[in-house]
Each structure stands twice: as C-alpha cells, then as structure tokens.
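There are 2 protein chains.
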Amino acid sequence: MADDSAARDDALVIFTPSGKRGRVPKGTPVLAAARQLGVDLDSVCGMRGICSKCQVSPGYGAFPKHGVTVASDALSPINAVEERYDRVRGLKPGRRLGCQARIEGDVVIDVPPESQVHKQVVRKAADTREIVMDPATRLYYVEVAEPDMHEPSGDFERLKRALSDQWKIKDLSASLDLLRELQTVLRKGEWKVTVALSRGHHDDVPRLLQIWPGFHEGRLYGLAIDLGSTTIAAHLVDLRNGQVSASAGVMNPQIRFGEDLMSRVSYAMMNPGGDVEMTAAVRGALNDLATGLAGEAGIEPGQIMEAVFVCNPVMHHLLLGIDPVELGQAPFALAVSEALNLTAPDLDLTAINPRAGIYILPCIAGHVGADCAAVALAEQPQKSEDMVLIVDVGTNAEILLGNKDKVLACSSPTGPAFEGAQISSGQRAAPGAIERLTIDPATKEPRFKVIGCDLWSDEDGFKDATQDTGITGICGSGIIEAVAEMRMAGIVDSKGLIGSAEQVGTPRMLPEGRTHSYLIHDGTATGGPRISVTQGDIRAIQLAKSALYAGARLLMDELGIDHVDRVVLAGAFGAHISPKHAMVIGMIPDVPLEKVISAGNAAGTGARIALCNNGARSEIEAVVRGIHKVETAIEPRFQEHFVNANALPHATDPFPHLTAIAPLPDVSFNIGSDREGGRRRRR
Amino acid sequence: MADDSAARDDALVIFTPSGKRGRVPKGTPVLAAARQLGVDLDSVCGMRGICSKCQVSPGYGAFPKHGVTVASDALSPINAVEERYDRVRGLKPGRRLGCQARIEGDVVIDVPPESQVHKQVVRKAADTREIVMDPATRLYYVEVAEPDMHEPSGDFERLKRALSDQWKIKDLSASLDLLRELQTVLRKGEWKVTVALSRGHHDDVPRLLQIWPGFHEGRLYGLAIDLGSTTIAAHLVDLRNGQVSASAGVMNPQIRFGEDLMSRVSYAMMNPGGDVEMTAAVRGALNDLATGLAGEAGIEPGQIMEAVFVCNPVMHHLLLGIDPVELGQAPFALAVSEALNLTAPDLDLTAINPRAGIYILPCIAGHVGADCAAVALAEQPQKSEDMVLIVDVGTNAEILLGNKDKVLACSSPTGPAFEGAQISSGQRAAPGAIERLTIDPATKEPRFKVIGCDLWSDEDGFKDATQDTGITGICGSGIIEAVAEMRMAGIVDSKGLIGSAEQVGTPRMLPEGRTHSYLIHDGTATGGPRISVTQGDIRAIQLAKSALYAGARLLMDELGIDHVDRVVLAGAFGAHISPKHAMVIGMIPDVPLEKVISAGNAAGTGARIALCNNGARSEIEAVVRGIHKVETAIEPRFQEHFVNANALPHATDPFPHLTAIAPLPDVSFNIGSDREGGRRRRR
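As they're listed, the protein sequences go chains A and B. Sequential numbering from 1 applies to the first sequence in my numbering. Sequential numbering from 1 applies to the second sequence in my numbering.
Just so you know, the hints here were simulated from the structure itself, not pulled from any lab data. Don't take each hint at face value.
Same chains, same names: a pair is fine if it fits in one copy or spans any two.
Cross-link-like lysine to aspartate or glutamate pairs, in silico, EDC-like; alpha carbons within 16 Å at most [unchecked claim]: (1) Lys629 to Asp148; (2) Lys383 to Glu130; (3) Lys629 to Glu151; (4) Lys170 to Asp203; (5) Lys404 to Glu385.
Could you build all of it, start to finish, from the sequences and the hints given here?
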C-alpha cells in the first residue's frame, strides 16, 4: 500500500537544460521543486506571482531521451495570478510562472536562459572565461511582519527576520540614513518592500543599500574600472545580466604630474601635498566618467550601486589617497596589499549611489598590482593544466607563470618603448599611427597600415583614405613589427645593428652619424613627418624586450623549466601585438605560434568578473595569497638574463618554433661607434 | 631518572591573591607562568620591559598556608632591564618586572591590584555591582616585521600579523585615513608601534583607532552617557582603571521643544523638520558636554575613544536622527531596537576622537528603552535568586520584574507628578525645594528640609542657612513624603480626601473651593511663596502612584505571583524616595522595609559597565532578547489595576509589612464636589 500511495502521490520532474531530476509530491509548485533539486531558477518576489522571473516552458508529449511521456494535465491549469499577469504584462506562449504552476504528473520543464539566476554571459571569442552572474548586489522583495505590541521589536529587526525567513539572508547592517527612511517606506508599501542589498563576501554582514515601497522593478548597475597610469577604462554593467550598458575610456588626468608611474612618485616626493593633488585629480576623473556613463545609458547615478577597481600599485595608493613614496624605493612596501571593501564616500565618488560598495582587488606585490590579480582572475593560470606564461604588457610588464601546481609573478621594467615612447618616430596608438608593417625581403620595400584606415599603404585609395589622419608616426605594435620585419629582411642583424645602404642594398638606409636608420615613409613633401627606425629605436626595443624576456626567464628558472606550453599576451597593447613578430624580436620564449594568444584587456575582464560574481572575489584573494612573488630588482640572475637576452634571435639559436615560421638571415653588420652603448636601463 | 630530572628542572609557583598554582620549567619568566596558569597579570609591551604593567611582589621565606618555603634565589637576580627601569622610572621596594624575573625555584608571587588587567573598580555603597575592567578599547604595543622583497606584503598586513602573533588579535580593520598614516608611523617608530584598538563584540573585526610610533604611554578615555529627557549626565572614564575622571550633567536642550517626551513627539509631528532640529540640539549639547569634561580632566578630546549611550526610546531615535513619530502612537514601533555600534561621525560627535566607537544599548520595547536595559545590566534581575521588582522612576516608570527564571518588563505612564510637575507648589529638585517632610501626628505641625541645607526647619539657624536659596517649592521626593505624612497624620483619608480645619483640628487646613489644602510654609510675608498641598496635588500623586503600582501588578499577574521579595528604586529620583513613604502612599507592593533599596542612577551605572566591560555588551543584548515585554496600553487588566490602586492604603488592607511600620489612621472625609474627579490619566 505504501508503494501504491507513493506512485499516486508524487511525480517525476525533469528540468532542462540542467538535466536535474527527482520526485516531488504532487501539488508542489515548479519553483519549489526547482529549489529542492538545486535547479537554477530565478525569483525576486518569493513565490508571489509578481516578478515573473521564474518563467518556465513545460514540455508535453513523449520525451524518449528522458524516458517519460508528459500528459497535458501534468501541470495545474493556468490560475488567476497567471491570467492576470498575462493580461497585464504578457506571457510568451507556452510559458508558465514557476511559482504558480503546480506539478500534478511526470513532467519535463525547461528553464529559459533569462529565468536563470546564474546566467552565463556570452563573451567575445578573444575572452577565455565565462562570467557566471552572481553579483554581490541585487534586489530582494520581502513581506515584513507588522509591529506587534505583544512582541515588540524594531521595524529593522522585523525586516531582518523577513530577509532571513524569505531569502535565507542571515544578518543585515544599515546606515543611519536608511534607518531614518525605513519606517516611512515600510508603511507606504504596506509592509511589502524591495531592498537592494550588498551581500559582501567572507563573513561580512550584508549591507542595506536602498529600500523601496512595494515591488520595485528598477535595475542596478555596477562599474568595472581598469585604472591605468595612462587611461582609465570603465564599463557600466547591468547587474541582472552582466551586459555592458556603456563603456568609456578617458586619459588619466595625473599625466600632467608625470607620464609614467615613477615620475608621479617623484612628484609626490618633491612636492608636499603632491599625492593629495593627484588623488583629487583621479577621483574627479572617475566622477566625470561615471556621470558620462550614466548619461549614455540613460540611468540615474543612484542606480550605480557598486564599483570594482583594478590598478597597478602606484595607482592603487593614489586612488586610496595613500602617499606612494614607499613604492618608489626598495623594498617597495605597499601600505596595504589585501583586497579592500569600501564605500563610495571613502573615495569621494559622489557621482554614484552614496551607499555603493567599492571592491578593490588585492595587490600581489609592490610592483605587481591589482591589475595583475585581475589578469589572473580572468586567465586562471592556477587552474591551467599546461604551463602558461601570461604577460600584461605595459610600461611595467607584469608576468605570471605557472599551472595548477604553482603560480609565480613578477614585474619587469620594460620602460615605455613598447608604447611608442622614446622611439624617434614613436607615438601613442591613435589615428595616423603605423600599427602594422611588412618589408619585402627582396626589395626591402615596406608596406604598412595606419590606425583609422583599413587599407595597406600599397593598396588603391590609401592616400585618400589617410588624408584626414595623415601618417603621423609609429605606435608600439608598429615598432615591434618594424624591428621584426627588418630582422627578417636582413636589414638588422642578430646583435641589433642596422646595415648601411650598401650592405642592405636599398637607398632607404640613411646614414645617421656612425649608424644608420631605415626610412619607412617620407611625408616631408606634404608637410608631414619623416618616419624611420633608427639604431636608437632598435636599442630601445632591445632593452624593453630583454627586460620582458628576462622576467619570464627568471620565473622559468624559479620553476626549473626551460620552456612554456602557452603564452598569453594581455593588456590593451597585448591585443595588438603580432605573436610572430613578438617571437622574432625575442620578446617571449619560443613556443608554437598557435600557442601565443591575446587575452585582450584581461585586467578589465577580471574587474567585470569580480563585479558580476561575488564568489570570484574570495577566489582571487585566495589565488593571490598562493602566488609566489619574485622581485626582479634584487635578483642577480635577472641582470644576467637581461644582458643575455639583449641580442635578437639568430637562426642558430635553439628556437625551433621560431625558426620554423620566420627567416632569420645570417647577416652581420658593424658600427663605427655605438652611441647607444652607454645607455642604461632605467626602472 | 625522569622523576629526578623533573624535580630538578621545574618549580612550583603560587600566585596570590588568586591562589592559582602550578609547576613550570625553571627559567620561565613570571609573566609567562602567569599566562600559562591563567593568572590575571597585565602587560602592554609584550615582555619587553618597557611598560612595567606586569609588576609583581615575590614573597620569600616560609608560607605554611601554601606548604612552601621560598629561597632567596627563587627568582633570577634583578637584571639590566629592571635596573634601568628602576633608575629611570622607579620601582617600589620588593617589586620585580614579571616579564624579566625568571622562576628558578619554588616561589609565592603576589599580583598587586594595579598589575591586574581585570581590575575591579570599587563602587559606592549604593551600587550593587562590581565593574570588571575589560574595555573594548585599549592600547597594544607591537613589533612589526620589516618589509621583505622576497615575501612582499603590505605594511598593514604585517601589522595584522604582529597583532595576531603577539596579542592573539585575529583580524583588523582600518579606515583609509589611518592607512594613510601607517607607513610613516611604522618607519618613525622603527617598526615598533603602539596601537589603540576597539575590539568590538560578537564577530566584529577589531578596529584600529590610532597608531603611535614606539611605546605610547597615553591614556584612553570613554564617555558613559545617560541621555535623559530632562538632563544629560555623562561620566568621563579612564579606560585603564575605570576611574571617573570627571562628571557633568546638563539640561537637555530639547526641553525648549517640549517638557516631556510626548510633547517632543508632537513637536516633530506638527513641525516638518522638527525632529532634525531636536537631533541637532541634543548632538550640540553632547559635544559641549564632551568638551567640558575633557577640559575639566585636562585631556585632549582625541583621547576620548569610545562612548556608550543609554536613553529612552524617544531620546534614542532623536539621538540617531530618526523621526520618533511612530513612538507616539500604537503600536509604538521602534525603527530599530537592537544594540548599535556606530562611530563618532555618525552622530556628529566632533568633540571626541573622530574614530571613536559609539555603543548604544538595545531598547526593550517602544516604551522601554536602552535606559531600562542599562538598569537590567546594573541590577541583573536575570541572575536574582529572589523575586525582584525594579522601578526606574521618571515621567514614564520603566518596570522590571523577575528572577533567574524569567524577567518581564513594562512601562507605565506615571506622568510628571513624581518630578514635581503638575503639583501646585511643585518644582524640580533644586536648592530651596522641600525634599523631606514629617508631620507631627498630634499637632499636625510640619517640619521639613530643603535642598541645599542640612538643617531641619525647626532647628536653630535654619532661617539663616536658607536665606540664599529661600524656600521655593516642593520637589518630587518632598511631595511623596508630604502626602504620606498627611496620610499617617490623619489629614488625608484612604480615598485621598483632605479633611477640613475642623475635621483635622489645625488651622493649617485651608478651604479651597469645595476642597481643602494643607499649608506647609507661608513665605508671603517676606515675598516668598505659600507652599501647600492641595486636593489636586493629592489626586496627581494618586494617579502617578496607581499607574506605577498597576504596572507592577500587571507584571506580577503575568508571573502569577502576589508578592515580591525585593524592590529596587532606580533613577536619579529613585535615589531620593523614602521607601517608607513610598509604601505609605501605595507606590510599590508591600515588602519588608529593609527590602526596598535605592540603586541610585542604575541606568548610568549600566552605561559605565558597558563602557568598561566589553563582554557586558553581549550579556545585556542576550538579557534583553530574553526579557518578556508587556504592553500596558493595550492590557485591560492594567486599567483595572489602575482604578483599584487609586486609593491610598488603609489599615485594613492586606499589607502586613506596611501596617507594621506606619500608622494608617481610619479617618474618612468627604467633599462637596470633587473637581478633580473628571481628570483623565494621560500617556
């Protein structure tokens, strides 16, 4: 009899796409069954048929794959709540509200993507990691008990109890200004309210951000901010689905205090109050950026309820208002390295909700910042099966090396050459800059592309297409390609010396004192610049690339390995570097070409992940604690690797993957006197 | 051999006064032995011979009581650190530094009171509870590891690790402005610093309040504030030893918005922004009070690093800046009832350290405030073996009844009569006010004392002694004594009616319309007032006392008891009530006279306890959660008790303890028409 009764009283329910299945008592609402079986089905209003987040699509008929046939009465008939919802707001055909529809027989129920709490955000192909939505900040609808004189308690305590009972949120903190609003809002909403909460992570007590009477439909937004020395890039992200509503990048206004990080540290050292000036400048820019993004997306600034920052250590301290002077000298001590949970007023962020939480990723070391932590969060070297080298190329290259067993990090002082600075015809990546270049190995003639034009320089219409921008200089990726192409065309030898017109056999080789340069483009006839690669430019690139390579080698030594399986180039600049050319100049260790990939702005991606997924914060904090840091500045082997890596690769070098893809002519030039020989590497 | 070795290698150590004893390896420092045996021996500097907090007095010779004889070399000889300390700062004869002196043989060691962390503060006789010092805020001296490029971490993280290693403090939070100072202070102190921490309670992360280079000797202070409707009383307490450095009381400036709580609630209801005005007024007064106390004690305002508040619910909300309107109407819902941990800026307290923590005790119900919770903390009804009734007498009487099994609480609307308001000759307790009074049962002549004079009115020199103050009126305790004495002298009958001159037999009975009054003092000849007790005054006292009595009876009903073992009168006013007179007018249930005690300002004492003992906070929060609240406003039996308690006690009433101590004449008067009969009790 017990068996009979069981057969009659419960039903099999199968959820797709998860495939989760189980038996539930007949009469169980679909949403309750989903929760019981651990199926990801959203709900904001707590089974009250208000929010419609729990929409499902039941399937009927035979499901041979699942071994079940679903009768047309497997779910309870559409009820009054659903009818009303359909009438007022519309329900797609076949859709049911999971909180209203009850399971009356064996059934297969599909949960459409928009009804999943932990929606997966589809990312661009270049990105390697999916973001699972589980933001720290979200809305909850609750029904709060009315005050009872027989069991007196504060309205706030009853709100807490309701959140605990209805949402399993066990504690709550609120600022005095919210406690001030609480009584009015509760009564206006007749004890039904929607609250925005920031759950925090670790054991943080969830924090009340806002409260609205009744059911509130509004959307919450967050900012993912990559605060770089040169540019500040921010995404405004819809915290329900992770979609980027607006993006913007502005120049970091601290540039007026110094182009690179060390000159800003110097500014702070030399000018009392200089750090305060720089802090005010960057905070002002952040407010402008937030205002602009809110305007572009057409939302209220108050809807921005969270922000996540990634940045290098100097920017980190200047954002926090901490004098970065200690970061300018050994032992490069950070004031604070752990992840920080702050609120908007702590950083004078007046352009977003004043109760917005701020999360700043942890720094790894005095030269390896929260931006590198964000790269690790996006690229996950700690989960890699193969040995991966991740390079965030910038003024300082931040380097991660490792796999699931161990991850190392260091920072290498590449200097600004990779960004087009200290290059004779160098410029920032902007319209008019040469970004791609090839040289014909026979004729030694160059062809190139400039930013802002899709045509190559030898294609028809190139001249007209570049009329507006002009051809103004050569950017970071362009100079790397130029040097690599010069090497492959036999214009430069493996020591980095440029040959003369006679040696190379083209009038493009111009004497410059006792060295030579290679003319790429002469615009002087039309008032433009003459763009060439000088011996000094080659030396600057050699210094930069050998610093980067030496950092990677140092980490490889530390792990006792002599090759890596995979190289990831991160950073906005990394996205534009040609892997082949990077290998030709010896920036990165020898790996199969297809194993060199660009991760785009991985730091920015890491910021978005931390914004959209609360658990990712604890994850990256644990990863950072586990990362072994190597300080290049005090490591004699770094100097050794740096000197050894100064030359450009040669055909006889043991770089099998490189020599397979690129010709490395066995030429050799000389020089009367290398004027650049005395130049010293700078930090 | 093992036994031999043990006998040689360890020694017996006995600590007094605790009597704790145990064996420790020879060579163990006294402080380490104390810690190992759980002996309360202070230390701030962590065994470095700097702070001298661990001073002990070793005993030598025979200790028959302990069964041990102490050799003169039982401790290691005085070492260089101790010699230097004695030379520079002086060490009392016989004293040793517990961190330097090592145990070399069996020894008896006395820990003087000043070397105990948990010093017991001796309280006045009126106080019933000792305060054990264990404040939330104290100083810690730490030696922080220097930065290491091989193991990079932030200075803040190394400070945390030092606190964890050296003080077992497991986590730490710091505001950005402290993180800003951190690097400079650490370097100035050569990695030795003193920090002030607020430990918080529950699972709160300890909070950094201040940091000084090196060893810092400064003292930390806290404020214990009893924020009353009429007066604000504050003690400035030295957080090392609990001593009160300065005390002050000021009028609550909100009085200009309404004398009593309900008129202030009305003010807020009738005047938009009125609550904001009142909040600003009280916060301003608190800043003035703090400034005054710091000045009086000769300390810097920044040394005040903590404040504890107790107050009634309306003052609680007005302090927090929450509109108290809901407290003026059923169901008397508090916005928030639980204990609050805030910081000084939350309450605009600019006159103390800006990082000072603020602790506000929990409210019990809409009419039973944090002041009542503080009374419970001071008087501990929840630990009482006998059944205790605790009454905090004021405009609203807050009543606690119970024992270790159960505690009940209610608030009873006594009105302001007990404070001398709404009494014809009434005034606040101030110089010139009659505070004590007796009436000769034969002659019906009164004699009295006024505040500010130690003589009775019939003693020689009284006239001269009161020349300055005059005799200006009658205060709350005076009116209670007057009514009780009138009852005992047969001037008032048990219905509360005053007899005529004929009926009583004294010309002091003056006709007033159809009722009579009793003349206490006629100062009109010298331009002073005529002070009498009118029929209206008797009625006002009857209303007040029956409200109080009805509240107590309601709680007794709730517990199913008809007598209590003990009555505690709390509140500044409670300290001045004569227990006998209170019983004569029927304010309190019948108990043996010696079982009625005054607890003085128990709410203020509770505030001091919560300031000096961090654990007391969790304790009172748990107690408050366990207190069963009874709402008098909606309880029909309260009305019933109120009406029944209106009469004054009569000799035939079943009040054996009362009738044993006081004559209750069986007189009976009447009245043409009781003009006061239509008067209604007000909340």
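Now for the hints, and whether the structure bears them out:
Taking CA atoms no more than 16 Å apart as the test, Lys629 paired with Asp148 passes between copies only; the shortest distance there is 11 Å, against 59 Å inside one copy. For the identical chains of this complex, Lys383 and Glu130 are intra-copy neighbours only, at 14 Å inside a copy versus 58 Å across copies, given an alpha-carbon limit of 16 Å. In the homo-oligomer, the alpha carbons of Lys629 and Glu151 lie at most 16 Å apart only across protomers (7 Å), although the nearest pairing inside one protomer, at 57 Å, exceeds that limit. Proximity of Lys170 and Asp203 under a CA criterion of 16 Å is satisfied in both settings, with 11 Å inside one chain copy and 14 Å between copies.
In the homo-oligomer, the alpha carbons of Lys404 and Glu385 lie at most 16 Å apart inside one protomer (6 Å), although the nearest pairing across protomers, at 63 Å, exceeds that limit.
The structure fails none of the hints (numbered hints given earlier).
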